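Trainee: In case you want the letters, here they are:
2 protein chains.
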Amino acid sequence: MTERTLILDCKNKIGEQIKICGWVYTRRDHGKILFLDVIDRSGMMQVVVSAIHLGGVKAHLPGELRPQDVVCITGQVNKRPEHLINKNIPTGEIEILAEDIEVLSKAEELPFDMGGKSLDLQLPTLLDYRSLTLRHPKVKSIFKVQASLLEGFRNAAKAIDCTEIIVPTIAASSTEGGAEVFKVDYYGHKAFLTQSPQLYKQMLVPVLERVFVITKAYRAEPSVTTFHLSEITQMDCEIGFAQFPDLLDLLEKVAAETIKHAENQCKEILNEFAIEPVAFGKIPRLTLREAQELIYKEFGRDVRKEKDLSRQDEVDLCKWAKEKHHSDFVTVTHFPTKAKPFYTKPDPENPEYSLSYDLLFRGVEILSGSQRINDYQQLVESIESRGMSTKDFGMYLQAFKYGMPPEGGFSFGLERVTMHVLELANIREASLFPRDMERVDIRLR
Amino acid sequence: MTERTLILDCKNKIGEQIKICGWVYTRRDHGKILFLDVIDRSGMMQVVVSAIHLGGVKAHLPGELRPQDVVCITGQVNKRPEHLINKNIPTGEIEILAEDIEVLSKAEELPFDMGGKSLDLQLPTLLDYRSLTLRHPKVKSIFKVQASLLEGFRNAAKAIDCTEIIVPTIAASSTEGGAEVFKVDYYGHKAFLTQSPQLYKQMLVPVLERVFVITKAYRAEPSVTTFHLSEITQMDCEIGFAQFPDLLDLLEKVAAETIKHAENQCKEILNEFAIEPVAFGKIPRLTLREAQELIYKEFGRDVRKEKDLSRQDEVDLCKWAKEKHHSDFVTVTHFPTKAKPFYTKPDPENPEYSLSYDLLFRGVEILSGSQRINDYQQLVESIESRGMSTKDFGMYLQAFKYGMPPEGGFSFGLERVTMHVLELANIREASLFPRDMERVDIRLR
Numbered sequence: 001m002t003e004r005t006l007i008l009d010c011k012n013k014i015g016e017q018i019k020i021c022g023w024v025y026t027r028r029d030h031g032k033i034l035f036l037d038v039i040d041r042s043g044m045m046q047v048v049v050s051a052i053h054l055g056g057v058k059a060h061l062p063g064e065l066r067p068q069d070v071v072c073i074t075g076q077v078n079k080r081p082e083h084l085i086n087k088n089i090p091t092g093e094i095e096i097l098a099e100d101i102e103v104l105s106k107a108e109e110l111p112f113d114m115g116g117k118s119l120d121l122q123l124p125t126l127l128d129y130r131s132l133t134l135r136h137p138k139v140k141s142i143f144k145v146q147a148s149l150l151e152g153f154r155n156a157a158k159a160i161d162c163t164e165i166i167v168p169t170i171a172a173s174s175t176e177g178g179a180e181v182f183k184v185d186y187y188g189h190k191a192f193l194t195q196s197p198q199l200y201k202q203m204l205v206p207v208l209e210r211v212f213v214i215t216k217a218y219r220a221e222p223s224v225t226t227f228h229l230s231e232i233t234q235m236d237c238e239i240g241f242a243q244f245p246d247l248l249d250l251l252e253k254v255a256a257e258t259i260k261h262a263e264n265q266c267k268e269i270l271n272e273f274a275i276e277p278v279a280f281g282k283i284p285r286l287t288l289r290e291a292q293e294l295i296y297k298e299f300g301r302d303v304r305k306e307k308d309l310s311r312q313d314e315v316d317l318c319k320w321a322k323e324k325h326h327s328d329f330v331t332v333t334h335f336p337t338k339a340k341p342f343y344t345k346p347d348p349e350n351p352e353y354s355l356s357y358d359l360l361f362r363g364v365e366i367l368s369g370s371q372r373i374n375d376y377q378q379l380v381e382s383i384e385s386r387g388m389s390t391k392d393f394g395m396y397l398q399a400f401k402y403g404m405p406p407e408g409g410f411s412f413g414l415e416r417v418t419m420h421v422l423e424l425a426n427i428r429e430a431s432l433f434p435r436d437m438e439r440v441d442i443r444l445r
Numbered sequence: 001m002t003e004r005t006l007i008l009d010c011k012n013k014i015g016e017q018i019k020i021c022g023w024v025y026t027r028r029d030h031g032k033i034l035f036l037d038v039i040d041r042s043g044m045m046q047v048v049v050s051a052i053h054l055g056g057v058k059a060h061l062p063g064e065l066r067p068q069d070v071v072c073i074t075g076q077v078n079k080r081p082e083h084l085i086n087k088n089i090p091t092g093e094i095e096i097l098a099e100d101i102e103v104l105s106k107a108e109e110l111p112f113d114m115g116g117k118s119l120d121l122q123l124p125t126l127l128d129y130r131s132l133t134l135r136h137p138k139v140k141s142i143f144k145v146q147a148s149l150l151e152g153f154r155n156a157a158k159a160i161d162c163t164e165i166i167v168p169t170i171a172a173s174s175t176e177g178g179a180e181v182f183k184v185d186y187y188g189h190k191a192f193l194t195q196s197p198q199l200y201k202q203m204l205v206p207v208l209e210r211v212f213v214i215t216k217a218y219r220a221e222p223s224v225t226t227f228h229l230s231e232i233t234q235m236d237c238e239i240g241f242a243q244f245p246d247l248l249d250l251l252e253k254v255a256a257e258t259i260k261h262a263e264n265q266c267k268e269i270l271n272e273f274a275i276e277p278v279a280f281g282k283i284p285r286l287t288l289r290e291a292q293e294l295i296y297k298e299f300g301r302d303v304r305k306e307k308d309l310s311r312q313d314e315v316d317l318c319k320w321a322k323e324k325h326h327s328d329f330v331t332v333t334h335f336p337t338k339a340k341p342f343y344t345k346p347d348p349e350n351p352e353y354s355l356s357y358d359l360l361f362r363g364v365e366i367l368s369g370s371q372r373i374n375d376y377q378q379l380v381e382s383i384e385s386r387g388m389s390t391k392d393f394g395m396y397l398q399a400f401k402y403g404m405p406p407e408g409g410f411s412f413g414l415e416r417v418t419m420h421v422l423e424l425a426n427i428r429e430a431s432l433f434p435r436d437m438e439r440v441d442i443r444l445r
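Chains as they are written, first to last, in the numbering used here: chain A, 1 to 445; chain B, 1 to 445.
No lab work stands behind these hints, which were simulated from the structure alone. It is possible that part of the hints are untrue.
Claimed, not checked - Straight-line alpha carbon distances no greater than 27 Å define the calculated DSSO-like cross-link-like pairs of lysine-lysine that follow:
| id | chain 1 | residue 1 | chain 2 | residue 2 |
| --- | --- | --- | --- | --- |
| 1 | B | K158 | A | K140 |
| 2 | A | K216 | B | K183 |
| 3 | B | K216 | A | K216 |
Said to hold, decoys possible - Chain B regions said to be covered by chain A (calculated; three or more residues, Cβ under 8 Å):
| id | stretch |
| --- | --- |
| 4 | 250 to 263 |
| 5 | 381 to 392 |
This one's a predicted model, so the numbers in the text were calculated from it and none came from an experiment. Built from N, CA and C at the ideal position, the CB exists for glycine as well.
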């Protein structure tokens, strides 16, 4: 029995007898000859099938083969005729002349055509058939970019000396207040799914000083938009002995390196999605008020009294940063203290504003964070001033009783970053199995 | 203002003026001189403090300093006198003579002594004060090993060409049947926390062929033991176009490399825990029945009619493997089909037994898995034969309708591996914030 050869490795086996295994992607009938595109994890291969070469016993097979059939094909690797070369794929100069075909698993007839360059389906259909639609090369490639973003983030976090931690997702009280929280029946007790790893990563600062975590966060948002999911993946860092300017340096470094890593690893995919190279000029930094002045001056819109950036503000600021600073990123700091969570440190020079920051990328906020309150008494006052009870923060406050250095951190949403790096229309496309109020794999209503 | 120097980097700064920042770990009073051990993320430093060197303004400080105070200390790096050298730590030949001390955050008086080599507390106290007890060097080092196991697993999974995936933890039905499942109120609908990533990773085989995932798994086990948690971290691989012998090769490779990576990276910690080097001889493979025969022959216990291995069986098999094969691992295969989940493939040669496997390590199962049923019809029959409804597996079965190759995979529990690599007495010690039926940070009753 011939050993399996990965499709990509066939490039170096011209003239040799090999066996490939994979899924039939498309079939094109040309009279007595059938062309198959076969996919495995390494790439795509054109296979030429004719009943004559297959011999008598399997002569019926070509007629029965259909997309998504799982096959092993034995044959010779040949150079393609000059006029059939496909320069867009790494195996575009070769093909296999099938001498034997083994069908390992038959596929049902597909409910829609999967052979096009894009999979042009409405979102509900894309998700109703998620096990199938994920197989389309362009859909699948979204998740190769996602895997690369995960790797890039971890590399960047380790490069700034963060240790990886695992934090719980079931908690006894809602982390940041608010109603948008999922309840769990926990052995008859009331518990919640965590809205973020925030409190736990802070508690680890006095343990490991610099930590990173990739974990789930849950938001029971009772609304359907193109940019919210009920279950997301957060990539977080938390850093001890860091003051505000250090934190800005570190967040910009981690964010840029995460995206740069994916860009370097996934060049072909980004081309396929027609994504422009990212501009990595020095990232401009503006306070919210400076940003609003800039928008007034450059774009003629007076938003100087707003408490936050609107989506249009984010778009305009990024446009300005790209043109003036050759940067696809802008950092905006000093949002109003009242609009930020209780652990956010107010600016000592003007406590109405906080030592908080958002990182914008191509018109959208992809990362946010802040310097944190590290003084126990100030933290207790901040919790109480928001009408919350310190009783719900017992283990968290303990960390501040026993010595907490100045510290801060930041947080990315993986699906959101994936969505914006690939310019997808809907965040659901950036999640293998998206969770929202209408769907848990199957539709809920 | 002097820039901060990491403690470990002081080794190369003898005679220089530096500033270190960290936590006071211990204080030892010697009359007019005070010795502090100060910890930061890189190591521990002995600091010599005397009121004279600190000068008038801060002369009161040494008397007030206590463990866990957060300090920045400026002074000169000196060689220690010969008789005070500590060869057990990388900074044992130097010390700092304090000339200025800045207290960034005061700690309350500790509820127990944290200065010993081990933290000898009862488990409830260890967990009631988790934010504090995690700071003890020996407790903290458990989680450095854990981070290293995570990295080792990812490296090993990538080395066999697996792509990282993110799978959901909220599902519409319980993944593997059984009552031990947490219920979530999902926008008024009934949903569950997933018991494992099993079904999702299988659905990804036709997409990416080889995948790995690190994710949460939840088990509502209404029992308190030393080796169960309600929320665990699973490290899983799933591999397409793999037959049973391939799967055995791959699981042994991934498991051994994961542990080898942690062993290489954490030599000092493993010494501290008095852990013997792992024996990486060729891993012996036995079927369950062969293993039982061996136990009968070598250890005189007749367990030949049992359906599973007992804990004593696991201990004996590992003892045998260590002595006869210089291996701390043993692979046991072919457990009874009825004892395994519905997706486990029965051995075609004897369907009473299944193509399943456990990997034992030093007397305990740390990994398990199987070749899976990849035929749609056989899978439907297996689900129905166990009294479950195919309606609950809609999206999962879809993946098998459209072409699924022979495939299989395996799964580690991160906390369990951490526990056994470090020979901890209780799995709760291997989780930063363990979840069980009695505790969610605070005690539930």
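Trainee: Now, for every hint given, state plainly whether the structure supports it.
Mentor: Verification of the hints:
1. With a CA separation close to 18 Å, the supplied pair B/K158 and A/K140 stays within the 27 Å bound.
2. Distance hint between A/K216 and B/K183 is fulfilled; the C-alpha atoms sit about 17 Å from each other, no more than 27 Å.
3. Between the alpha carbons of B/K216 and A/K216 the distance comes to roughly 9 Å, so the proposed pair stays at or under 27 Å and holds.
4. Residues of the stretch 250 to 263 of chain B lying with their CB closer than 8 Å to a CB of chain A number 0, which falls below the three-residue condition for coverage.
5. For a cut-off of 8 Å, the count of residues in the stretch 381 to 392 of chain B with a CB near a CB of chain A stands at 0, and the three-residue condition is violated.
In the structure shown, a violation is registered for the earlier hints numbered 4 and 5, in ascending order.
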